[in-house]
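A.B. asks: Those protein sequences? They're chains A and B, same order as listed.
Letter 101 of the first sequence, counting from 1, is numbered 90 in this note's numbering, and no numbers are missing.
Every position in the second sequence, counted from 1, becomes a number in this note's numbering once 246 is added.
Worth flagging that the hints you see were computed from the coordinates, not collected in a lab.
You may find that some hints are simply not true.
Facing chain B, according to a computed beta carbon distance under 8 Å, are these residues of chain A, among others [stated by the list, open to error]:
| hint | residue |
| --- | --- |
| 1 | Pro17 |
| 2 | Tyr26 |
| 3 | Ile30 |
| 4 | Asp35 |
| 5 | Met38 |
| 6 | Ser136 |
The C-beta atom is built at its ideal place from N, Cα and C for all residues, glycine as well.
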Amino acid sequence: MTATAILTPSEGAALAIHGAPGHGEGGPASKFVVVSYGFWIFLLSDIVMFAGFFAAHAVLQNAIDGGPAGSALFHRNTVALETACLLLSSFACGLSWAGASARRMAWTQSALFVTGLLGAGFLALEAREFAEMIGAGAGPQRSAFLSSFFALVGCHGAHVSVGLLWLATMMAQLRIKGFRAQIQRRLLCFNLFWHMLDIVWVAIFTLVYLLGGAR
Amino acid sequence: MFGKLTWAAIPWDQPIPLFAGAFVVVAALAVLLWIGVKGYFPYLWNEWITSVDHKRIGVMYVLLGLVMLLRGFVDAVMMRTQQAVAYQAPGYLPPHHYDQIFSAHGTIMIFFAAMPIVIGLMNFVVPLQLGARDVAFPTLNSTGFWLTASGALLVNISLVVGEFAQTGWLPYPPLSELPYSPGVGVDYYLWALLISGVGTLMTGINFVTTILKIRAPGMSYMRMSMFCWTALASNMLIVAAFPILTATLIMIVLDRYLGFHFFTNDGGGNMAMFVNLIWAWGHPEVYILVLPAFGVFSEVISTFSGKPLFGYRSMVIATLGICIISFVVWLHHFFTMGAGGDVNAVFGIATSIIAVVTGVKIYNWLFTMYGGRIRYNTPMLWSLGFLVTFVVGGMTGVLLAVPPADFALHNSLFVIAHFHNVIIGGVLFAAFAGVTFWFPKAFGFRLHEGWGVAVFWFTTIGFYVTFFPLYVAGLLGMTRRLQHFDVAAWRPWVLIASAGVAISALGMICQIVQLVVSIRRRAELLDPTGDPWNGRSLEWATASPPPVFNFAFLPQVNDQEPYWAIKQRAIETQHLAAVGEYLPIEMPRNSATGFLTSFFATLTGFGLIWHIWWMVIAGLVAAYAGFVWFAWRDEDEYEIPASEVQRLDGERRRAREEWLAREGNLGGVA
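Isolated chain B, as found in the complex (with noise of 0.2 Å):
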């Protein structure tokens, strides 16, 4: 009846996971009785969860990215106050949990918590900066959401139904075949990516269509803001590459459960070509996370130093350069897998390459503050952060592109301490810049500045102090995962890590201070105007949080800046530009359609974790079904009249005549 699945699954006896998921459950609990009592499932359900509106969509990314975050921070937490504690002794994690929570970290933080968060971004913004309504296929994007959260829930029920793999967070093979991680581990890890990648690839097809395809008049492809530019070679590597990951598990899956031999020991399996598979997806996979991070920057940059984006053609060269020449780079991450001294060296002299385009950027961003009126924001302090963190991982990364060195180096410390210094320096400060620049668009209000500032210190300085001693550890021949260790030379350093996850921790529990501070002086905090950062792209063309059509008219595009442009022109004739009459407005119906395949395909996917096939077939006739009902529906979009349209816009208008009256008056932009 229900498989593998017994009284067994669950840990009774290892109080750690038993107690998180016991919290978990009660504080999912609480929140839906807290929702229920006050009655707001209605408003839930028909504003958010069957929502198909872009904007929306991405703030439910970058809030199950974040909670993701904290997930994955805690399973750091445990890591690092493990390693303080297991010097020449067992500690307080066996070996069994230990492996399996660097896997879970490492599958979190990428899959779960880093491409929400960004293709959120993509998803809030792209969009309204490229003048449009929508994205291309608004219930696809729904669909894409709730597959994410789909195998993000897989992941975190494993906590306490079962367990995870302990392989890391890339399968390799032997380890993860059958024969040596005969339970459930693995298959979650597989039957996660699988479901959530199906969603990833949807993201990428929408949105490489949407930018390619539906942009407001005028808006040829050299007058696209640089994040735009950005998000397209990012979703042009999704599309690229994710399919490749979808055949590599799908190969795994095979051997583990019908017996075939793509990677096994014996009848002639091949695991070289699985590293190879893996890793032909996983070096785009860091590009398609880092590249929209140089977009935000690129964007957060611009605006807070009031200057045009220095080099802009050199910019999207540099973009599309970085994203072809990510696919050919992929065999710096075995190069002790023994290839031979020529292939080594073709994929060291591509990786050293990629640094010189990414140098580029770095220089144009130092020349778009040159000379620059720089107003240090929060969502600049990142930037800055990011600017000098993001050179130090740069460099210690070229060092790791040399064959030779990288011999030395191999799965040691300072591996770790490489990639953790450029994701975290350029991903996740990137993640916070774009929140905090961005949030005050989504809701209406900014986000509390001084708290911003502590989160910026707490989380950086943190990094620093937690990351900077692996370094030292991996040159003294430290070598990841270790459960415990017996060398005294490398235990310093890894006391001070521990000491500055302590100091990481303190910057989390600011950003959750400075949620709740914000929200509740939203009122102070409010803007008006639509416009909080003097922006330069069309997101601030239109009021916060902007209305469901995003437009009420479709800008008609000139100028490589197109809302600074509107502006100096309002300036300078002291007035907004004119409107015309008013016209209804048709935008795409609600659909429970992505949610609902979503819970079908969680049901499908953990019914193949435990072999319960009957709930298997049910979950994929049921996907169908719900498929079927909604290719059948008469009416996908709805009717905005012209007169509610002409309400929203009007309270913008009068917004930004106050504005007009008080900045037009000084004869420039203050």
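For reference, chain A alone in the conformation it holds in the complex (with noise of 0.2 Å):
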């Protein structure tokens, strides 16, 4: 086509079933290409949403108020155990998207499973090592520090609520409606949703817990 034209409507069906990169060329990309690709810009600006919480827990990290520092409040066993529960529930994670990629029913379902399964271990410890705290008057009225504490952690902890909320309702649509397209991108969805929370732990391992404990 030299210029301005109409597309012809063989060309327009083809792409409308295959497909294409979205980069101008070739028209509009593939439905799976749109969803995760949108999916990734709900990532970022999720990321973005941690950084502002992030960003309070380094400006408040030594308002302890006479209350107590990090160094006489985390304890490194639990946070290592919590690490460990979390990249294992991702790693199963991961497993359950090349059992879904093979469309093998039983080896998806119990890889999601044992997700949840770690999941759930990650938010006990965590419901745990908080119950602790305040129990030892050490909560969040306590000082701006342990606000800024419980508020980004707690958010993590809140995502990986509802992270486990999707995951069971999803592995009941898995077992009712079986592996079609439209189950198989929240799969790849909540995958990357999964992974991010990675990140962002290792984030606050590292910045909250590491940095903070020698405080």
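Fit the two chains together into the complex; they arrive one by one in their own frames, and the hints show the way.
C.D. replies: Laid out in structure tokens, this is it:
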């Protein structure tokens, strides 16, 4: 086609089926690309929100107002265990994607189940840590430092909780509806989400627990 | 049972909000009754409320924005009249009420008037200009709109149930903290903005994906229309900035509800951090609004000058330049906070650099007009009004960017005059230009030209008479947000400003008259061709109003001005481009998800404001159930048969053939 023209129907239909990268040449990208791309953009925005809480923690980390500092509160063993749970959960999540790509139901479901179990383990450990701190009078009301700690780590925990709800819903859906294209896309998005939570946790582990534990 | 909510929440002793609220309730009931009697509910539900069509959602956004503009304008009238009578006198608005009015005015104008109008224009226009069938995520789009409407509803409920914030449009702590604002006003503000903020973020994600991933074949980056470029920049800013607002508002929520110490006086809280965080969102927000406005003017000036946009590439670079620099100037909102001379200098210089990049745009628009055969239709009048007004507003902005000058002018009416000068002259003028420009595309008939001109002159003169005296009053030392004042030297300027608001009110009335007159005379204002202004980009290549699928065939783009090229070719060959075989088109199904989710979000928000915890839990559970119900559906698309596509496209082609017979014989486009 030399000048500006209208696409012939057969070309249009071919595009609708196969899709294109979306870089201008070849028309709209496939739904798979569009959905995962959009989800990436969402994850970026979520990371910006975490950045806000990280910034607040950086500003307030020394504002202990006569209360306990990180070194008196953080138990390295608990945090190590939490980290292990989360990283292994992420690994299981990756296995579930491999299973979904191979369209193996038992494999996918059991990997998703392990993902959720380890995620729940992480949450239980975190809940115990929070409860101990609050019981010892080091709750979020004690000082600005603890406010920012509970908000940042709690925000991550809330993400994990929502992720578990999503995971359970999706496992039920996968069981009833099978490997549809639509559900495959959602599984991919969940994988991206779960790995993003790992990345945020690595930052929390380093900036809050390791550096803060030395303070 | 109902938390903090009792009958005392309704302001029985204050006639103004009571009567205003009663009027709104009665009017809403009357409209609902009329719809019910006429039997329009099924139409409304099927064609609008559950619609996922980007064009319908765009129209609803603009409508919401215009209604809220009216509400915000009433607040403005009350503020100006209060100051007019409050010289050495208490006036008619007690401080408690006056403070709510200026807070509500700012909140409503930015979040529920300007944002919806700008997002509405993007919704309607961007997919058409990209040559796409819809946005990337149609149901998400609908949800985003309804969440915005939910926030607007909560702000308006606060008029009669309880109170609104008295903290200004940005709730600076410690005033916004529980000890100093124990009422529900700040809570209304927080939850309304958190809910609508989620909606805005959804829009941002949706449009970045749409613009980057679903353009027509051949539509490379450097062939995108200027409006699409500015929409891309604006939505990237939404994605990068709105999460900061969400995080900041959550921090205040935690302070107020759970006794955290982010911004409190005690416990080591840091109030300066709030100011930094809120403006790290707040300054990009200014450009989220004004960049699409620049896009509207680029389209309008190029179309009505009959020329391609001058300096397209430099315009793209300037847009992205502003996009980036807008993130490194936030501190100029609080030079006086004491960050030190070095820091202030850095941010002052960065702010001045934005003026340079914006200047590039101004010159590009001037050179676009230069040598063109300019048609002075209403959209073009708004653009010319913008060029003059915005340059003045920009100049005062550069003045305020100089830290020593800012120390003298901080928090004075000079600042108020400056930002109204750029927001009204930039965003509002663009909203009116855009609405007039694209109205015929949305409804198939033009707005009445004479009344449009009247709106332009009343609004523009009203603006100048209202805000230029405020520059003077600011230089004379008058600070913002005064419920009453005692300085004689300020009085004449305050009185002139009040007269200006009366002129603006005439503009508002003309606006409504224009709409009514246009609808009544739609037969004579009809535009059968789909191209009333001799347009240049793809939205004019389809019928007015466009069919739900936008284009019968995805356009193949080979040019920066695709539709102009198509028309030139048709005139050269004396034929429209040939069509092939029509094929069925798959489109997304309507969905009630957005409406239901937002209904439950409103309940949740209301419960949180009044501490009605069962309502919060019920709202969240229902929202989750609605989400699962949506995720469970089997069919998310339906097929439009080829015969229907052919019928709709045939009508448009017949109209264009008639046009060709008329215009083609002239050997050019008149």
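A.B. asks: For each hint given before, does the structure comply? Return the numbers of the non-compliant ones in rising order.
C.D. replies: As far as the earlier hints go, not one is violated by this structure.
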